[in-house]
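Asks: Residue strings, one per chain:
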Amino acid sequence: MFQLSNDAKQKVLTELTRYESKQSAVLPALYIGQKENNGHITPEVICELSKVMEIPESQINEVFTFYTMYNKSSIGKNHIQVCRTLSCMLNGSTELTEHICNELHVKMGETTKDGNFTVTEAECLGSCGTAPMMQISKQDGSSKYYENLTNESAMNILRGLK
Amino acid sequence: MSASEINTSANEIKYLSEFYHLPEFKTLEGYKKNGGYIQLPKALKMQPQEIIDLVKASGLRGRGGAGFATGMKWGFLPKNNEPRYLLCNADEGEPGTFKDRMMMEKAPHQLVEGMIISGFAIGSKKSYIYVRGEYSDSINALEVAIAEAYKAGFLGRNILGSGFDHDMDVYRGAGAYICGEETGMISSLEGLKGQPKLKPPFPAIQGYLKKPTIVNNVETLAAVKYILRDGAAGYRKYGTEKSAGTKLFSLSGNIVKPGNYEVPLGFSLKDMIYGLGGGTKPGKKLKAVIPGGSSAPVLTADEAERANLDYENLAQMGTMLGSGAIIVIDDSKCMVECLANLMHFYHHESCGQCTPCREGTGWLDKITTSILAGRGRLSDIELLLKVADNMKGKTICALSDAAALPVLSFVSKFRDEFEFYVREGKSKVKGVVYKTPSYQSDHSKLGAH
Amino acid sequence: MSEIITENKTEKKMLNCKINGVALFVKEGSTIIQAMYENQQKIAHYCWHPGLSIAGVCRLCMVEVTGNPRLQIACNTQVIEGMDINNTSAKVIEATKWGLDFHLINHPLDCPVCDQAGECGLQDQYMEFGQYNSEMAEPKTKKHKVVDLGPTVVLDSERCILCSRCVRFTDEVSKTNELGIFNRGDHAEIGTHAGKKLDNKYSLNTVDICPVGALTSKDFRFRQRAWYLKDAETICNGCSTGCSTKVYFNKEGLFRVKPKHNAAVNGYWMCDEGRNTYKFVNKESRLLKSYQFKNNSWGFESMAGAATRNLINIFKTAKADEMALVLTGQQTVEEYEAIVSFFADHLKSKNIFHWNNNESTVNDFDGLLIRGDKNPNTKGLLQVLSKHQISTKWTDLENQLASGKIKNLVVVGPENISVYNDLELKLNLFSKAEHLIYLSSASLPQWENIKTLKYVTVIPLKTYIEKSGTFINYAGLAQKFNKVTTVVSEALTVSEFAQLAKGEELKIEYVVSENLMTSEHQRADQVVLEHRKKNEFVFNRGQF
Amino acid sequence: MSVVKNDSKSSQWYLPGILTGLGITAKHLVKNLFNKKEMITINYPEQKHEYSPRFKGNHILTVKKDGSLRCTACMLCATNCPAECITIHASEHPDASVEKFPISYEIDMLRCVFCGFCEEACPVDAIRLGPEWQTPGVNGANFNYDIKHLAYRANLKGGIQSVVDDVERHKSGI
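Residue numbers (the working numbering), protein chains in the order written: chain A, 23 to 184; chain B, 26 to 474; chain C, 2 to 545; chain D, 12 to 185.
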């Protein structure tokens, strides 16, 4: 059974009082839940959050399934999200993604055998000037943009992260 | 485009982005050294209505995408002293736009000061900056800046002894383009799904938690400080009569020097692409330009060379300024593939609340994908136009228009490419049918995201 | 529930406006769709429901307001003075046609296996507003089929048009927040959070308000086709709230019960228990013939009328204090009047007792509709008893039965025996009487496990569906209901039993031909000749 | 309907009418005697008439590839039947992708007028009117044909395949 650690529970409770309405704390609470459950959210996490925040489970689940940054399934240590929208596609993001997937022998959305990398496509990440680019986020929720990528520079970054 | 016609003297006017190159501008001291927090005490001594009239006189229009006159928007607030909110829309989901990110990372205090002055003008005690979840650097920069502002007494109770107290907070989004829409962002701030609310009632009357709310873009709020500094006439020095002031344009796509350029409104698109942007890549010719972010109708090459970057001129050309994201497409790219890419974006981002948009974006995505896979039929082109036309203007928010406008403009202006693709089963430009990338797992081949 | 307390009748300012060229007078503050409903104007819509908040998501109720280039949605636009609205212009018809097309492109071809076929919002509105050839040739989005949402409801996400009526119901009316719309875009699905069931006492209301076959009732699943059912209005006899309901039946019996709008009592809703009140009416659970128990064996089967006539001389010869009558709160006021006056005036016997099955829970109330007193007409019974100055205590009956004073005990048994869990206990008590005359509409298997039976006559009764009458609910509101249909034709009503017991013959009440056509005398299942009757619940044409 | 009255003189005589009738019969007798092949009458039941494929005879409930009934108990045939002789009771199919199937499907053959409306109404070609029609039965024989008889009787040899099947329909995404 998933249990929130004490300081996570404390953080959730402070979030409850930080905003104008209790319900506004659902998004930050889901981030905390995701961090506690190494990078993805399961129904148990939502039951736990619902108990702590006294908000109906279906409302929290609605918010969880609506937004893309809450991961539905488990992710590797590094979650690679390559932007696929127009400006990046014009600068060859499809070829870049194909190269990364071949190198890591995974299909879109899968995790490598050693659990290090998960590769997914993301929609516009707001860094079109430095296309093609990718965002790598860790299981604790921290993330970093890697821009102006070529096949080699991307692979060097991935090797550095291993 | 022969080289002689490019007007090399037309250059950037670094009005807002004057000190962005200084790394110290990011900190409180560096910001103060370069003209920071001088307008705030001046504003706190003025009457709030004076500031609103000043903004109205300056002709400042919303920089987020709609271009609605900011002064007028502030004027809609009810005149009672009911609590009201100021929200800064930093969601920046429009494909091609990356100006807010630069502003927040390079000059967070510029936004904070602008928001305190605007908060004072509309009499709001609480304001939020809604930043999209992916911008973790911008969020950290803003949180540091707000903490510094609290420490320096520019925020909190009785700011600078003026009796005005104001709190500010950053709210982190979680990845949804729809939260860029005014009421979508308000729903997300309320901790719900980012689904737009029914209008009327408009947010100025009943917005965040059913209280009057003003939502402005980062650039709009940052400009308020400069209006105070130079007065309405000073601000109107740049830009045209109806579109006053300067604007940050994000240049991207097949261009030599992509990036953010601050130019006065009315600046010619041709100079932007060939002058500041360095023109298309060597050996490639310009084919199409999307002037205002992915939801703006596309311009063909020669239309682009006649267009000026301001609200009225682009509207006459049948497109819109939008968020000022210029996406350049050269002749080596296939327009059908570009449209399919955009349709996949809108299919993925539609919030699913209204039926025409939820099912329409899905349908458009499937039709363009089947054309791209060589399974298109001649009637599909007509169908694309009909679906897009009947989706436009029928929903609560403008995402259905944002999905329909690219379809209407791409298909009507580049119809030959679509018909070639349907008849020959391969791209007119690339000569070969679009190969679904190998990493695509099978379920996504059917256009479902 | 604002409707439950009758709206304050302060006279609201009336506005005049024009709808489709017809000048109308409309209450101020009402939306266009309410105005159109009050004046019998047809408008296509899915997500708007008079008892729920406005969602404005189906985008079908588009109307054209002169002076406004864009089409407005009728459910959220308030009527202002002198507004000229029309929803028959070519632009609106085109918009409605396309609005419907967007609903149907990902809708599965499930009509042959869908229970809602025949009363489905998509079918009805396609025939009225659609009539186009769909050009959708792409593969449809696949979602979950046959999802088990809970003990009473089955969900099919592919059929769901995401109008969010059921989600708003569980948020606003039952306030149990079980349902939500998960995922985003056209992969959105209704559902409950993993594992949690849709299990509140009003869950079947979601099936009524669902305009399509996404939510279907488990109890009615595949039992009958909607166009084989006739419907009629009556009052629910599940508890003392007295909700007005609509019963669906045909010659094989009754199939389901749905609520009917009644602003004064139940608004638009009804509880799940009330929906089972059709079960004890059907033939399989009914007592069809009269039987007698003599020298400990059941037999002597005879028709109800004949059995009652055999009792005539018993009633003539018996002394007043050797007779006793037991009544429950399940019959109508007219029947009480007949049987109590027969006992009190004709037989001059005052021992009439009220069998109260739920003394302890009488005043429970769950805040919306369910009340502790499970008898529909307790107030009516007490009213008739006090009219005949009868005030007896249940303990007197127990003592008299124990002392053997009572020779003939007449008991009018309950119809809805599922709420009478003290039935066996009471039957043992009644069996002490020398001759027990038990009138009941239900066939009681409990007779077998009662050992001390002496001499019993059992006579079949009609249920509330087969007779007209009046129920008086907890608040004293008398509600008249008409006969719906006949299930057991040979059974008697209690007033017929009293008439026969007096020795009179049953009069066949006939109606003078002129007022045959008045609605009060019209046969309940008289086919209404205006265009095909719709499922009143999803699209109530005209009455609001 | 106007009846043609023929009150001419010669028709009042009795014999001419009879004799012309006998003449026609004799003509056919002689014609059939001399070329048997042209003879209209066939010796039933060894030889049987060839009816067109559209002949509407006894009903057949078609089956899917796996032999289960194609009928989904949607009651359209029962609704469309002018003689109202079809009674169906539906129930839940264990396999969730099938969802609904008939527990009992009965046609009262004495009421049926073989009009073929049920065949036209059926959306999934579950019921057809087949070529057989000679099905006599003494009184008391069961003329209410049930599923076993309608779908799996002897000369259907395990059931007739329906042209509509769910597997392809679901795969093609309709």
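Keep in mind the hints are simulated off the structure, nothing from the lab. Be a bit skeptical, because a hint or two may be false.
No more than 30 Å apart at the CA atoms, straight line, and that leaves these computed lysine-lysine pairs for BS3-like [stated by the list, open to error]:
| hint | chain 1 | residue 1 | chain 2 | residue 2 |
| --- | --- | --- | --- | --- |
| 1 | D | Lys16 | C | Lys219 |
| 2 | A | Lys31 | B | Lys151 |
| 3 | C | Lys284 | C | Lys317 |
Chain B stretches covered by chain C per the calculated footprint, using a threshold of three residues with CB under 8 Å from any CB of chain C [as the list claims (entries may be wrong)]:
| hint | stretch |
| --- | --- |
| 4 | 369-378 |
| 5 | 386-396 |
Computed from a predicted model, the values in this text were never measured in an experiment. Using N, Cα and C, we set each Cβ at its ideal position, and we do this for glycine too.
Asks: Against the 30 Å threshold, does the CA-CA distance of Lys16/D and Lys219/C hold or violate the hint?
Replies: Measuring from Cα to Cα gives roughly 70 Å; hence the hint is violated.
Asks: Examine the stretch 386-396 of chain B: at least three residues should have C-beta closer than 8 Å to a C-beta of chain C.
Replies: holds (count 6)
Asks: Straight-line Cα separation of Lys31/A and Lys151/B no greater than 30 Å?
Replies: Holds, at roughly 26 Å.
Asks: Holds or violated: Lys284/C with Lys317/C, Cα cutoff 30 Å?
Replies: Distance of about 34 Å is beyond 30 Å: violated.
Asks: Tell me whether the statement that chain C covers the stretch 369-378 of chain B is true, taking a Cβ distance below 8 Å and needing three residues at minimum.
Replies: holds (count 7)
When held up to the earlier numbered hints, the structure conflicts with 1, 3 and fits the remainder.
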